[in-house]
Structures are given as C-alpha cells and as structure tokens.
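Start from the sequences, fold in the hints, and give me the full structure.
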Amino acid sequence: MEKKKKIVFIIHNMTGGGTERVVSLLSGEYVKRGCQVAIMQFAGYEHAYELDDRVEDFSVGEQSRGNPLVWGKRILDMRRYFKENPDCHIFAFAVMGAVFSTIATIGMRRPLLVAERSNPESWNLKGLRNWAYRRADVITFQTADGISYFPKDIARKAVIIPNPVDASIPLRYEGERAKKIVAVGRLHGEKNHALLLEAFADFREQREDYELHIYGEGELEEKLKAYAEELGIAKSVVWHGFSRRVKEEIVDSRMFVLPSDYEGISNSMLEALAMGIPTISTDCPIGGARVYIEDGVSGLLVPVRDRRAMAEAMLKIAQDDVLAERLSVNGAKVREQYSLDKIAERFLEAANIYE
Numbered sequence: 030m031e032k033k034k035k036i037v038f039i040i041h042n043m044t045g046g047g048t049e050r051v052v053s054l055l056s057g058e059y060v061k062r063g064c065q066v067a068i069m070q071f072a073g074y075e076h077a078y079e080l081d082d083r084v085e086d087f088s089v090g091e092q093s094r095g096n097p098l099v100w101g102k103r104i105l106d107m108r109r110y111f112k113e114n115p116d117c118h119i120f121a122f123a124v125m126g127a128v129f130s131t132i133a134t135i136g137m138r139r140p141l142l143v144a145e146r147s148n149p150e151s152w153n154l155k156g157l158r159n160w161a162y163r164r165a166d167v168i169t170f171q172t173a174d175g176i177s178y179f180p181k182d183i184a185r186k187a188v189i190i191p192n193p194v195d196a197s198i199p200l201r202y203e204g205e206r207a208k209k210i211v212a213v214g215r216l217h218g219e220k221n222h223a224l225l226l227e228a229f230a231d232f233r234e235q236r237e238d239y240e241l242h243i244y245g246e247g248e249l250e251e252k253l254k255a256y257a258e259e260l261g262i263a264k265s266v267v268w269h270g271f272s273r274r275v276k277e278e279i280v281d282s283r284m285f286v287l288p289s290d291y292e293g294i295s296n297s298m299l300e301a302l303a304m305g306i307p308t309i310s311t312d313c314p315i316g317g318a319r320v321y322i323e324d325g326v327s328g329l330l331v332p333v334r335d336r337r338a339m340a341e342a343m344l345k346i347a348q349d350d351v352l353a354e355r356l357s358v359n360g361a362k363v364r365e366q367y368s369l370d371k372i373a374e375r376f377l378e379a380a381n382i383y384e
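Residues in the sequence shown are numbered consecutively from 30, following this note's numbering.
It is worth saying that the hints were derived from the structure and are not from the lab.
Treat the hints with care, since some could be wrong.
In silico EDC-like cross-links for lysine to aspartate or glutamate, where the CA-CA straight-line distance does not exceed 20 Å [what the hints assert, rightly or not]: (1) 345 - 234; (2) 181 - 150; (3) 208 - 238.
Between beta-carbon pairs, the in silico distance windows are [stated by the list, open to error]: (4) 351 - 96: 54 to 64 Å; (5) 351 - 196: 21 to 31 Å; (6) 277 - 366: 20 to 30 Å.
Treat the numbers as computed from the prediction; the structure is a model and nothing was measured.
Think of the CB as a built atom: it goes at the ideal place given N, C-alpha and C, for glycine as much as any other residue.
If you want it as structure tokens, here you go:
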C-alpha cells in the first residue's frame, strides 16, 4: 500500500458494541501494517475499547437527536477534514455515517466503502440510505441474507465479509467447565433476553445446579430483573453489567446462549465459539449465526422466540459431555477460519486500496 493512502473509519461513537469492536480491531491491524488510520466519531466521543496509540481518533459532533443544526455542523466539519485529506479512503461503518460522508464529499472524489451492520428491514429512512449506498464504491455485508433486502443496483456492489476473530482472546478452556450459562450483549429489545430468562426457568426445573450470568447494560435492565423475579429464578441469575474482562470471566462456562430476534453477526457469539464455549444461538435474520455455526457440529441453532427449543438445547449441552466437547472443539476452529489478518485483507481488497 502507498504510504499516502489513509483509511478513515466513520462511526457513531466507540461505545461497547460489536461494530465498535470490529473497528477497533481493524484500525489496530492496519496501523501495524504501516497504514495511516483515523476513526471519526460523529455522535459523541467514547472509548469502550482500547485503541492503538497510532490511530488518529476524534469527534465531529455530539448526538443530534434529529437537530438539523447539529447535522449541518457535523457535515461541515467532515467536509473540512476530507478536503485536508485528499488521498483518504472512507470506511463508513454506520448507515448515517455513509449518508453524512456522501453529502460531505459532494464535488470531491473520495473512495467510499460502506459496511452494512444493521438490520436493513428495520431502518426507517430507506430512501436516504439507498441514495448514499448508490454513491458508494462498494458495500460489504456480513451475510448473503443481508444483500437480499436491497435493490439490484445496490446489490451489485455487494461483497460479503464476516467479522474477524481477535487473536488475543483466551484459548479454548480444556478443564472441567463451571455450571454457568452465559449471555453477552446490550439489554435491548431485539436481543430478547426475556426469552433467555424464560428458557432458563424451564431448564432449572431439571438442573437447579446451574446459574445464568448476563453481561451487558441497557434500557431494559430493570424490567428484565423484575421478570427474573416473576419467573422465580432471580437468585440464580447474576447481572454483571459491562465488563472489559468479560472474555476471561466466561471462558470456563458450560455454554453461551444468544437469544436475539435478529443480528448481523454477534461478536460475542463469535468470540464464544473461538474460545470453545459450547454455543446456542437463535437462527435469526440476517443469518449471521448460521455463517459460523453448523447445527449439531460447531454449535446449536434454535428457532427465533422458541422458548421450548432453547431450553431443550441448554439441557442437551448440560447433560451430554460428548456433545459439549464436540461443539467446543469444532466451534474453536473459527479462530483460524476468520482470523483478523484474513478479514482485514478482505476489506482492503474490497476497497481496491492496492490499485
């Protein structure tokens, strides 16, 4: 890569979500390769994940809450930056990041890669999103299912690139596993932790020796805690909030469960697989779980919102040591298949950085 080339990631902010985690990993990998890298946050300035000191990290605005004046200032600041960096490649890892970047670069040529990370069907401003996507050079999707939500002229620009696995996460635990069921993710509606609590209540009717450990923060925390009380399982559910050491804390768990109604690709699920934690996931749109999990081989897939199927899957792993070991060994193979260096290279190739 030519030294003058610069990659500028565009993202809402760097709070503790999966997209933010991917940006932190990719930015670190690229500076190690000698690239110039910047992270432009356009809706705040946060740091849930550690960044390499060589990464330029800054904000061009706070959360707008729909205020057009904030949007206008944000776009002007972005335009000023892009003028000062004529050789940059824009990697927009947010829908509105793609929109703002497209507006901010009107009249100037700045290569634009958009990484589609959201649920395409749930996005309200589809016309505005599609306008920006049509002006992108390439759009990366995490799954093939994600592409199907878009018109043909946008789909033609699509490249499928799954999430990378961080090589620094703990290796597969090979000792006796703790009787813990773990879940990691924001406590928001689409993550459907209520389903997990219900399935755990059913599971506990046969296995009272297990605890459920939930990592994450969010708007539904108090409601979920109240629901655990209602289900009679509150004493067996441990709420950890956000933890920077979550991977070290869960590596010896008997199983990991992802109960989401929809996901792109869950980083927490991917990291659980890579650590060899036997994993259960809903087979939810937009198909991210089935990219990594072969049902019964490297993990267990259950239908969305199916309380009974989830409880039965949890019982299978708890009661069958042979199954648990098979899922652990095969799941951990994602470490090599989706290593950071391989995924980072695929983004560079998609963006034609080497041209």
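What are the numbers of the hints the structure violates, in ascending order?
Nothing - there is no hint that the structure violates, so all of them hold.
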